[in-house]
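**Q** Given the sequences, and given the hints that come with them, work out the whole structure.
If you're matching them up, the sequences are chains A and B in order.
For the first sequence, my numbering gives the first residue as 1, with consecutive numbering after it.
For the second sequence, my numbering gives the first residue as 1, with consecutive numbering after it.
Derived from the structure by calculation, the hints contain no laboratory data.
Backbone N, C-alpha and C fix where the C-beta goes; we use that ideal spot for every residue, glycine too.
One or more of the hints may lead you astray.
[Claimed, not checked] Cβ pair distances, simulated, as ranges:
#: 1; chain 1: A; residue 1: S449; chain 2: B; residue 2: E468; range: 33 to 39 angstroms
#: 2; chain 1: A; residue 1: V57; chain 2: B; residue 2: M222; range: 53 to 59 angstroms
#: 3; chain 1: A; residue 1: P474; chain 2: B; residue 2: L3; range: 49 to 55 angstroms
#: 4; chain 1: A; residue 1: Q278; chain 2: B; residue 2: R168; range: 48 to 54 angstroms
[As the list claims (entries may be wrong)] A short list of chain A residues far from chain B (calculated; beta carbon distances all over 10 angstroms):
#: 5; residue: Q11
#: 6; residue: E12
#: 7; residue: L61
#: 8; residue: R104
#: 9; residue: S121
#: 10; residue: L139
#: 11; residue: H161
#: 12; residue: A409
#: 13; residue: V426
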Amino acid sequence: MNGGVRIPSAQEWSAIGVETALAATIVAVLIAPFFARGRSNTVVGWIALIGVAAAFVMTLLPGASVGRFAFSGLIIADPAATLWRQVLLLFTGGVIGIWFASTRRAVPEGDAPEFMTLLLSATIGLSLMAATSNALMLLLATELASMPSYVLAGFRKRERHAAEASLKYVLFGAVCTAAMIYGLSLLYGVSGTLDLGAWLTRSAGVIPPAGVIGLLLLLAGLLFKISAVPAHFWSPDVFEGSHVDVAAYLSVASKGAGILLLGRLWYAAAGHTTAAVQGMAVTLAVVAVVSTTVGNLGALRQTSVKRLLAYSSIAHAGYLLSAMAVLPAGLGAVVAYLVVYAVMNLGAFAVLAGVERTQGSDDVASFNGLATRSPLAAAAMAVCLVSMVGLPPAAGFIVKWKIMAALAAAGGAWWWVVASVAINSVISLAYYAKILRAMYLRPATESASLPGLSTAIAAACAVLLIGMLVLFAPLEAWTAGATFWQPAHHAP
Amino acid sequence: MELLRQNILFVLTFLPLLGAVLVLPQRRPAVVRGIALGFSIASFVIALVLTLVYDSGRAGTYGYDNLGGVVQLVRRVPWVPSLHAELLLGLDGLSLPMVLLSTFVFVLATIASWKIDRRPQAYFSLLLLLETGVLGSFLSLDLLLFFVFFELSLLPMYFLIGVWGGERREYAAIKFFIYTFVGSIAILVAIVGIYLQAGSFDLIALPALLADTSAQHPRLAMTLFGLLVFGFLVKLPIMPLHTWLPDAHVEAPTPISMILAAVLLKLGGYGLLRVAWPLFPDQALAAWPLLATLAVVSILAGALCAIGQTDFKRLVAYSSVSHMGFVLLGILTTTPAGVAGAIFMMVAHGLTSAAMFFVVGVLYDRVHHRQIARLGGVGGVLPAYGRFASLFMFASLGLPGLCNFVGEIMVLLGVFAAARSGPVAAHVPAAAVYVVGAAAALGIVLTAGYMLWCLQRVFLGPTKADTEMLAELDVRENLVLWPLAVAVVALGVLPWALMLTLSDTTVQALLKVLS
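**A** Have a look at this one:
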C-alpha cells in the first residue's frame, strides 16, 4: 500500500464476489432492451434472476466466509455476512418471482430495466451492510440500499398513493440518515477511528457520554432500516403505496440487513457489564417491546393486507430486537428467526401478489373464499400465517421458542420481555386469523384462481416452513455457524 | 414384527395423518368417507392391540420399562439436538385409557359425520389431522413434542367449527382459538422456564430434575406451575375460564361437539396429570385451597348454569364444565382412589358426553332447533331413541351401574381419604377437605336435578307441535348409539376389569412421585 493504484488480490475479490456479480447484472439489464425489443420486460426479468443466481454461487466459493478483512478493513468476510448474502439472494430471487407473477404485467413495457436496476442496486447495498463495521462503509452501504428503495416505493408513477409513499419514505429516510451521520461523526470524534467494530471491542464497554449519544443516533438510523419504533411510521404507507413485490422486499431485506449491521456492532460491545453497555441493552429491549406492541396493536385495525403485513413486520422487528438485546447469547435465535421470517413473509406476499392481481385489491375481503378458489395457495398462506403467529406445525414456532429461551436464559427482569413476546403472540393471532377467516370461512366473490407462479412460490415456502420444524437440526447448524468474525488482535 | 412393535406408537400417531393426506385428492364423497372410516377404525384396532401388548400387571416406578418403570413401548428419535428435544413416544396407564377413548370416539364421530356434504375432503382430512394431534399429545413424553401436538389439535378444530358450524360459527371458532391459544402461550412460557431449569424435555425424567428448583427457587417454581395450570384449566375447562366452551359446542357440528367434549377437554386433564402435577408436586399442594375452590365452583356453578339453560346443547355443554370439576378434584386428592377416579371420570365423561351430544344432534336433525321449551314427548314418538337418551342421561347423572357413577364415587372416596392421610392431609385441615367433598357431593344432586328435569321436559309428557311426527333412528345413528350404550353399561358394571386395571400400576407409581 505505497500509494498509487493498488490491484485488489483474488482473496479480496472473493469478499465482494456477490456485489461484483450483481453490478455486472445491472449492466446486462440496462443493455438487454436494445436486443430484445417488444419482450424486454420478460427478458430483463430472466437476466436479473440469472444474475442473482450467479451471485448466490459466489457465496458458495471457498474463501467467501473464512473470517478476515478485505480492502483495508472496509469489508469483512465472515460466516454471518455470507449467510445473510445467501438469505438475501434467495429472497431476492423469490421477490423477482413475485414480480413475474404480478408487476411484470402491470408496468409498461420498457420499465423493467429501471425496476431491476433499482432492485439490484438496493441488494448490493443491503449485502454490504452486513459485511462491514467501518463507519464510512456502513454509511455508504446504507445509503446505497436506501436511495433505490425510495424510488422503488414510488414506482407506480401515476398513483397518488405511490407518490405519497415515496415522499414520506424519502423525508423519513433523510431525517434518520442525518441523525446517523451526526452520530457517526460524534463516534469518530470520540474514538479517532472509522473502524467502529474494532473500537467497540477495544473499549471493553467503557464508552464516554458523547460516544453513547453517537451510538444512539446511529441506532436511530438503523431502526429506520429495521422499521422499528420510533422510526417505523413510513412502513405502512410505503407498503400500501408500492407494488407488492417492493413491499415484500422491504419487509425482509431492509430489516434483515439493518439487524445484521446492528448485530455486528452490538456484538462487539455486548456482554460487558459497564453502565453504557447495560443501558444500551435496556434501550434495545424497550425499543423491542414497544415495537412489538405497537406493531401488533396497529395491525389489529387494518383492512388492507399490505398495511396489515407492514404492522406485522414492525412487530417482527420487535421480536428480533428483543433477542438482539441479549447478545451474544441471543445471536443464534436472531439469525434463525431472520431466516424463518424471510421464508414466511415471502410466502405470504406471494399469495398477496396473486390475490391483488386477480381481485385488483389487497383488502382482507379480497381473500374471501380463497380456499375454494385456490386451495393450495390458501393452505400455503395458512401455513405462513400460522408460522407468523408462532404456532406449530410451522418453523415460526421453534424460532419464537428460541427467542423466548434466549431471553429467559438471561433471567431476572428479562422475563418481562418473555411475557411481552407471549402476550403479543396472542394479540397477533387476532389479526392473522382475520385472513384465515376470510380464506376459509367466507364465501368466494369470484372464481378466478391465483396465478400458478405465486401459488408455487407460496407452496414452496409452506413446505420449507413445515420442513424446517420437522428437521430443525440442519437449520440450526447452519444458523449457529453464522457468527461475526472478531479479529484476535486490534492494533491499539 | 419386532420392528413394528418398536414403532407401533409412531404408526398409531401418524396413521391418521396418512389418511388425512390420502382423502384430499379424492373426488367421490363415498370414497372420502370410506378412507376416513377405514383409517379411524385401523387406529382403534391398533389401540386395542396396544391394550393387549401393554403389560399393566407389571408394577414399577414412574419411569421407563428398561429401568423397572411402568412406561412401555418407548421409542426415541433425535429431533432438535441442540435442545435435546426428541421425538419420544411411550405408553403407560395414564395414556392408554386416553388413547382407547380417543380412537373409539373418532370412529363414532366419523360415522356421525356421514352426512357432511360440504367439502367432505377437507372435513375428513381435518378430522384425521385432529386425531393425529390428539394421539400425539397423549403419547408424547417429550414436553416440546407434546406442545407441538397439543397445538396441532388447535387449528383443525378452528376450521371444523368455523367452516362446518352453525350460525355464529365465526365468533365461536375465533373465541375457541384465542382462548385456547392464550392458555397455550402460558404453557409455552412455562416450558421455556422448565427447560432452562432442567435442561431436558423428558417428561418422565423431569420430576427428578426439577426437585432442586422447587426447593431453591420457590417463586419461580410457583410461577411455572401457575402458568401450566392456567393453560390446562382453560382447556379442561374450569370456571371462570370456561366461557369459550358453550359457544364452541353450540356452534360446532354434532360430530365435532362429540370430539371436543369427549377428547379435547381430556387434553387438559391429561396435561395436569402428566405435566403440571409430577413436575411441581409441592406447588400443587401449596395451591390446593385455590384449586379445590375452583373445582367445587365449577361443579356447582356448572350444574346451576345447566339448570338455567333453554338450549338443549348448551345444557349438555355446561354439564361438561360441571363434570370436569370432578376430574380436577380427583387429581387434587393425590390419593389412589382420587387419581384413578379422575382418569376413569375422563373416560366415562368422554363416553357419556359424546353420547349426549349425539343425542342432541339426532333430535336437531329432525326438528331443526334445540329449544327445550318447544320439545316434549319425544320418548313416546321415538321409543328406541328415548331409551338411548334416557340411558345416557342416567349415566351422566351418575346412576349406579353406569359409568359416571364409578368415576364420581371414586373421586369422592378419594377426597375423604385425602382428609385422613397422604400429602393433602398434611397440608390442609381435614375439616376443609370434608367441606370440599360435601360440596362436590351436592353437585351430584344438582346434576341429577337438571338431567331429570331435562329428561322430563324433552322426552316425557305430551308431544308438542314440533315433535309430533319424527323419523325413526336410521342404521347410521344406531351404529353410533349402540357401541356407546354398550360401553357406558360395560364400564359401569365392570370398571375394574375394563379400565381401572390398565391405570392401576401407573397411578401407584405416579403417586410416589407426587408425595
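**Q** None of the hints should be skipped; say for each whether it holds.
**A** Hint-by-hint comparison with the structure:
A hinted range of 33 to 39 angstroms is violated for the C-beta pair A:S449 and B:E468, which are about 49 angstroms apart. Under the hint 53 to 59 angstroms, the C-beta atoms of A:V57 and B:M222, about 56 angstroms apart, fit the expected range. Checked against the hint of 49 to 55 angstroms, the pair A:P474 and B:L3 fails, with Cβ atoms roughly 26 angstroms apart. For A:Q278 paired with B:R168, a C-beta distance near 51 angstroms keeps the hint of 48 to 54 angstroms intact.
With a closest Cβ-Cβ approach of about 33 angstroms to chain B, A:Q11 is found to remain outside the 10 angstroms limit, as its non-interface label requires. Listed as a non-interface residue, A:E12 keeps its Cβ farther than 10 angstroms from every Cβ of chain B; the least gap is roughly 35 angstroms. Non-interface call for A:L61 relative to chain B: holds, since the shortest CB-CB distance, roughly 28 angstroms, exceeds 10 angstroms. Listed as a non-interface residue, A:R104 keeps its Cβ farther than 10 angstroms from every Cβ of chain B; the least gap is roughly 32 angstroms.
The beta carbon of A:S121 is kept farther than 10 angstroms from every beta carbon of chain B, the shortest such distance being approximately 38 angstroms. Residue placement check: A:L139 keeps its beta carbon more than 10 angstroms from all beta carbons of chain B (closest about 37 angstroms). Under the 10 angstroms C-beta cut-off, the non-interface status given to A:H161 relative to chain B holds; the minimum distance is some 31 angstroms. The claim that A:A409 is not at the interface with chain B is violated, since a C-beta of that chain comes within 10 angstroms of its own (minimum 6 angstroms).
The non-interface label for A:V426 is inconsistent with chain B: the shortest C-beta to C-beta separation is roughly 5 angstroms, within 10 angstroms.
Of the numbered hints listed earlier, those contradicted by the structure are 1, 3, 12, 13.
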